[in-house]
Amino acid sequence: MDALLKMLSDFNGDFEDSKPSSKSNINKITGSEAVLESLIAEGVDLVFGYPGGAIMPVYDALYNYRDKLKHILTRHEQGSVHAAQGYARATGKVGVVIATSGPGATNLITGIADANIDSTPIICITGQVPSHLLGTDAFQETDVVGITSPVTKWDFQITSAEAIPEAFAKAFYLARSGRPGPVVIDITKDAQFAEVDFEYKPCKKVRSYFPYPKVDAAKVNEAAELINNAEKPFVVFGQGVILGKAENEFKTFIEKGGIPAAWTLLGLSALDESHPLNVGMLGMHGNYAPNKLTNECDVLIAVGMRFDDRVTGDVNTYAKQAKVIHIELDPAEINKIIKADVAINGDVKDVLPMLTNIIVNKEYGNWLKEFKKLAEIEKEKIINEELHPTKPGLTMGEVIRIISEKTNGEALVVTDVGQHQMIAARYYGFKNSRSFITSGGLGTMGFCLPAAVGAKMGMPDKQVVAVIGDGGFQMTLQELGTILQSGINLKIVILNNDYLGMVRQWQQLFFDKRYSETEMVNPDFVKIASSYNIESEKVSERNNLEAVIEKMLASESSFVLEVKVEKEDNVFPMIPTGASVSDIRLE
Amino acid sequence: MKEEFTISIFTENHIGLLNRVSIIFTRRHINIESITASESEVPGIYRYTVVVNETREQVEKVVKQIEKQVEIFCAFYHRTEEIVYQEIALYKLPTAAISNGLGLEKLIRDNNARILSLEGEFIVIEKTGHKEETQELLKKLQPFNVLEFVRSGRVAMIKQKENLTHTLVELEKTHHSEYKN
Ligand SMILES: Cc1ncc(C[n+]2csc(CCOP(=O)(O)OP(=O)(O)O)c2C)c(N)n1
Ligand SMILES: [Mg+2]
Numbered sequence: 001m002d003a004l005l006k007m008l009s010d011f012n013g014d015f016e017d018s019k020p021s022s023k024s025n026i027n028k029i030t031g032s033e034a035v036l037e038s039l040i041a042e043g044v045d046l047v048f049g050y051p052g053g054a055i056m057p058v059y060d061a062l063y064n065y066r067d068k069l070k071h072i073l074t075r076h077e078q079g080s081v082h083a084a085q086g087y088a089r090a091t092g093k094v095g096v097v098i099a100t101s102g103p104g105a106t107n108l109i110t111g112i113a114d115a116n117i118d119s120t121p122i123i124c125i126t127g128q129v130p131s132h133l134l135g136t137d138a139f140q141e142t143d144v145v146g147i148t149s150p151v152t153k154w155d156f157q158i159t160s161a162e163a164i165p166e167a168f169a170k171a172f173y174l175a176r177s178g179r180p181g182p183v184v185i186d187i188t189k190d191a192q193f194a195e196v197d198f199e200y201k202p203c204k205k206v207r208s209y210f211p212y213p214k215v216d217a218a219k220v221n222e223a224a225e226l227i228n229n230a231e232k233p234f235v236v237f238g239q240g241v242i243l244g245k246a247e248n249e250f251k252t253f254i255e256k257g258g259i260p261a262a263w264t265l266l267g268l269s270a271l272d273e274s275h276p277l278n279v280g281m282l283g284m285h286g287n288y289a290p291n292k293l294t295n296e297c298d299v300l301i302a303v304g305m306r307f308d309d310r311v312t313g314d315v316n317t318y319a320k321q322a323k324v325i326h327i328e329l330d331p332a333e334i335n336k337i338i339k340a341d342v343a344i345n346g347d348v349k350d351v352l353p354m355l356t357n358i359i360v361n362k363e364y365g366n367w368l369k370e371f372k373k374l375a376e377i378e379k380e381k382i383i384n385e386e387l388h389p390t391k392p393g394l395t396m397g398e399v400i401r402i403i404s405e406k407t408n409g410e411a412l413v414v415t416d417v418g419q420h421q422m423i424a425a426r427y428y429g430f431k432n433s434r435s436f437i438t439s440g441g442l443g444t445m446g447f448c449l450p451a452a453v454g455a456k457m458g459m460p461d462k463q464v465v466a467v468i469g470d471g472g473f474q475m476t477l478q479e480l481g482t483i484l485q486s487g488i489n490l491k492i493v494i495l496n497n498d499y500l501g502m503v504r505q506w507q508q509l510f511f512d513k514r515y516s517e518t519e520m521v522n523p524d525f526v527k528i529a530s531s532y533n534i535e536s537e538k539v540s541e542r543n544n545l546e547a548v549i550e551k552m553l554a555s556e557s558s559f560v561l562e563v564k565v566e567k568e569d570n571v572f573p574m575i576p577t578g579a580s581v582s583d584i585r586l587e
Numbered sequence: 001m002k003e004e005f006t007i008s009i010f011t012e013n014h015i016g017l018l019n020r021v022s023i024i025f026t027r028r029h030i031n032i033e034s035i036t037a038s039e040s041e042v043p044g045i046y047r048y049t050v051v052v053n054e055t056r057e058q059v060e061k062v063v064k065q066i067e068k069q070v071e072i073f074c075a076f077y078h079r080t081e082e083i084v085y086q087e088i089a090l091y092k093l094p095t096a097a098i099s100n101g102l103g104l105e106k107l108i109r110d111n112n113a114r115i116l117s118l119e120g121e122f123i124v125i126e127k128t129g130h131k132e133e134t135q136e137l138l139k140k141l142q143p144f145n146v147l148e149f150v151r152s153g154r155v156a157m158i159k160q161k162e163n164l165t166h167t168l169v170e171l172e173k174t175h176h177s178e179y180k181n
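As given, the protein sequences belong to chains A and B, one line each in that order. Residue numbers for the first sequence follow the numbering used here, so the first one is 1 and each next one is one higher. Residue numbers for the second sequence follow the numbering used here, so the first one is 1 and each next one is one higher.
Just chain A, with the same shape it has in the complex (with noise of 0.2 Å):
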């Protein structure tokens, strides 16, 4: 017992030591300027947020900090939010988010819950009402903590000044370290107002979280007993390869086994899409080999992935005659979905060295062959057509392949949620990881255009291209005041088919062709990206496609490309829902 507490306090030690702090680091502050140095102490330069009253005194220290800390005035909380993801995704980096009380932080909920479920790292400062008005139904508030407890990985309400620097240290700290995801912080505009003696500490510990498993020897041993001893070995990856910045960790495994593999939605792009071992990708829309051989393989071995009812179809059916290894670091996941019959809890980065170790090298001659002949099926049955289209109408497929080949699969693509999603990430053919960014576990319309604005603003020499459905780009136009604002230099690429396409897709299948609600009337994109002093143009026909695209792709500037598509066409592959991954059809 005097060993525990003695280790309890010394978790206490939670934050950095130093020292008896010298004078010259203890200086009275308000709460307002401590959140601001807390974010320049963690290395932050860039935040997204939109002002109002509960959170005025942190804006109006901000007054002071603009050559320090630069602030994007977005036109809605949402846009905040997700373009404080789409920088999180494409930098690695925590994205910050600042807004008000009451409806700032309740626009906010979306890109928390879609941060939440994709594991991105944000964090979220909420003002809130005088600490004495809390629970007494003043103006503007909400209770911000109890609406964001469902989708937040941590969240934590501020009353006192003095609290600042070392919740925004245990933030950033929970934010970033082992599984990341969003983190919210309230503050009551008492605390911003008080006074702090203010001193930062970066966090190191939290006593009651454990974030990094020591790996299991024991278990990294029988997988690789299973894997070198197969003879149809499958990997299927997601995005815990990037997260856990492992893409070389991982090329190195798979080219030692010699094990195709798969990625999720969210692991494309961790390994290069014309790397010899890369069959495609997983689910619903994925490719097909790789989904009719999920049945068919004798090991899978699952890599920072968890599963989701989209990659898996019927889980009743799915890779019931392989044995499962399943590399994970939120032991959560491990046997929620798919039992696995050997679980490595730990991040893939440690994991997969100590077992491409113990592995042996080899090829898989025939069994990859099989992945090429399916692929060659689905060429033929679908991908030649819709990339090289012989019917008049444009398809999304031929937009995305001229991108591709104009930027030579090294653009920062990011995505909204529909048809255009499945075709940009079928193919766009990534080269360089972090450079797709779609919202995936939420499938939030809405969410390309402020993540691309977040996106480029973190990657500000890359050429970053949105790529956008009539639908979903309506959900958050208002962000082109974003761009004209902030002057930066965004390709936009609307591919409009004058449906909600991916639910008429549905309909047509599923529901009888009954087209309930899904045919849009739309406006006038070219008219209303030059209100907003967007250079645009749009395209209907396939002779100056190529010749606009490379025009938009050159411009020093943000650029509105409308490109009429086929109306209805349908993406294919598909796996029905509750169908098997084997079940997946080509028409």
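Calculated from the structure, these hints are not laboratory results. Computed from a prediction, not measured in an experiment: that's the story for all the values here. From the three backbone atoms N, C-alpha and C, an ideal C-beta is built for every residue, glycine too. Heads up, a few of these hints could be off.
Partial selection, computed: residues in chain A whose CB lies under 7 Å from chain B [claimed, not checked]: (1) P150; (2) K205; (3) Y212; (4) K214; (5) K336; (6) W367.
Fit chain B with the ligands to the supplied structure of chain A, relying on the hints for placement.
Coordinates of chain B with the ligands only, in the frame set by chain A:
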């Protein structure tokens, strides 16, 4: 098959944590039979005891989701045979019940209950025991005109020597906290 499980959760003492724990159950449509909270033998670490009727598989998943919460140290689930547990019940009766000749005194003695308080017009009887026992006494007391009845949630301990201290030491040994960038 659903059966009764007792879940013990060790936590920081933080506002909002109980909400985080309870939404894990409600989100999965699991009804909480009872819940209690108190400080554990380690100062500053609290324990919740939650009783649910669920399948082992579901309980196992729920416990992992609970442990995933930042301010939860650890959580365990046990079948009823694996624990020693207790509940307490209070019964309010009119004072006249003592002398109405129906044998209240014998009933109290036979059931290992006791009179906790005599408040002029009414008395409060206390009984500790398992739910069936306190429920049984309620039935027997009904003829005396029970004015009020309340039962606590379950408190429980496992029939093993290992305790929180042991678990925390293990967790420290098998994990590290360092964020590598
Ligand atoms: C916020 C939100 N509302 C509704 C949906 C359901 N939904 C999924 S895809 C889709 C259609 C999207 O249409 P559009 O943006 O035009 O893209 P397309 O499928 O036509 O490429 C809808 C309505 C969603 N994913 N998100
Ligand atoms: Mg559309």
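Hints versus structure:
no. : hint : result
1   : P150 : holds (5 Å)
2   : K205 : holds (4 Å)
3   : Y212 : holds (5 Å)
4   : K214 : holds (5 Å)
5   : K336 : holds (6 Å)
6   : W367 : violated (33 Å)
Of the numbered hints listed earlier, the single one contradicted by the structure is hint 6.
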